[in-house]
Amino acid sequence: MGGIRNNVRDLRAALDMTQQQLADRIDLTRQTVIAIEGDKYSPSLETAFRIANVFGVPLEQVFQYHDDRKGSRKR
Amino acid sequence: MSTLSYQEKSLYGTLAADLLVYVPYFIYVMHHPTTLTHIVGTIILLIVAHIMLQSIVAIASRNRITDERDRQIAGLGYRNAYFALVSMILLGMGMLWVHSVEGLINPNHMGLHFLSVFLGMVVISELVKIATQLIAYRRSI
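Residue numbers (the working numbering), protein chains in the order written: chain A, 1 to 75; chain B, 1001 to 1141.
Some clues are possibly wrong.
Derived SDA-like pairs: lysine to any residue, alpha-carbon spacing no greater than 25 Å straight-line [unchecked claim]:
1. LYS1009(B) - PRO58(A)
2. LYS40(A) - THR18(A)
3. LYS40(A) - TYR1006(B)
4. LYS40(A) - GLY56(A)
5. LYS40(A) - ARG1139(B)
6. LYS1009(B) - ALA1131(B)
7. LYS1009(B) - GLN20(A)
8. LYS1009(B) - GLY56(A)
9. LYS1009(B) - ARG30(A)
10. LYS40(A) - ASP1067(B)
11. LYS40(A) - GLN21(A)
12. LYS40(A) - GLY1111(B)
13. LYS40(A) - ALA1074(B)
14. LYS40(A) - PRO58(A)
15. LYS40(A) - THR1003(B)
16. LYS1009(B) - GLY38(A)
17. LYS40(A) - GLN1054(B)
18. LYS40(A) - ARG1064(B)
Beyond 10 Å from chain A on every Cβ pair, some chain B residues (computed) [claimed, not checked]:
19. THR1003
20. TYR1006
21. GLY1013
22. ASP1018
23. PRO1033
24. GLY1041
25. ILE1059
26. ALA1084
27. MET1088
28. ILE1089
29. SER1100
30. SER1140
Heads up, incomplete: computed chain B residues facing chain A, CB under 10 Å, no partners named [as the list claims (entries may be wrong)]:
31. SER1005
32. GLU1008
33. TYR1012
34. ARG1079
35. THR1132
36. LEU1134
The hints are simulated quantities; they were obtained by calculation from the structure and are not laboratory data.
These numbers were taken from a predicted model, which means no experiment stands behind them.
Note that the Cβ used here is the ideal one computed from N, Cα and C, for glycine as well.
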């Protein structure tokens, strides 16, 4: 599957933080944090920056973009 | 594991209120002629049922915040409900034209007939909105 992937679960676990604690820090619901961790929901850019700020790492360390169309595109 | 959010509980409350009021109403009007009192009574009952069930949901929920995903899912629900409503209005206009040409409409009951049909369209649109939102929440978009 292409699109945006993330390391939120690993980074959260490294800080020993619960999903609810992360959700409270960035004004999201726990269900949205679950959806983000499961790569089922891509947050807005603002929320993505806020998540990176909570973990104290650059944005690209939390979120990565995988473009699956590159290989299939004919030139 | 994901538990139900406040928004999902609220949607189930809305669905329960709608079904509680509209199902008996539509079963009744299928077998009896509808009157203005029935329609006004149904709308009042619906408002009361919504207030009661939403109050219960609000009391039972600790975390009542709404985030960007909730707003996105609500937008998706309203979009699908709008398409359903517009489609039904166009279909209704077509049926009205056919019925007028065929002489199937009793002019004495035109007002109540319209009111009942419009209420039905609103109910179906509302159900489309709720179903879209519940499916979106379950799929975790």
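Against which earlier hints does the structure fall short, listed by number upward?
When the structure is compared with the hints, numbers 1, 8, 12, 17, 19, 20, 30, 33, 34, 35, 36 turn out to be violated.
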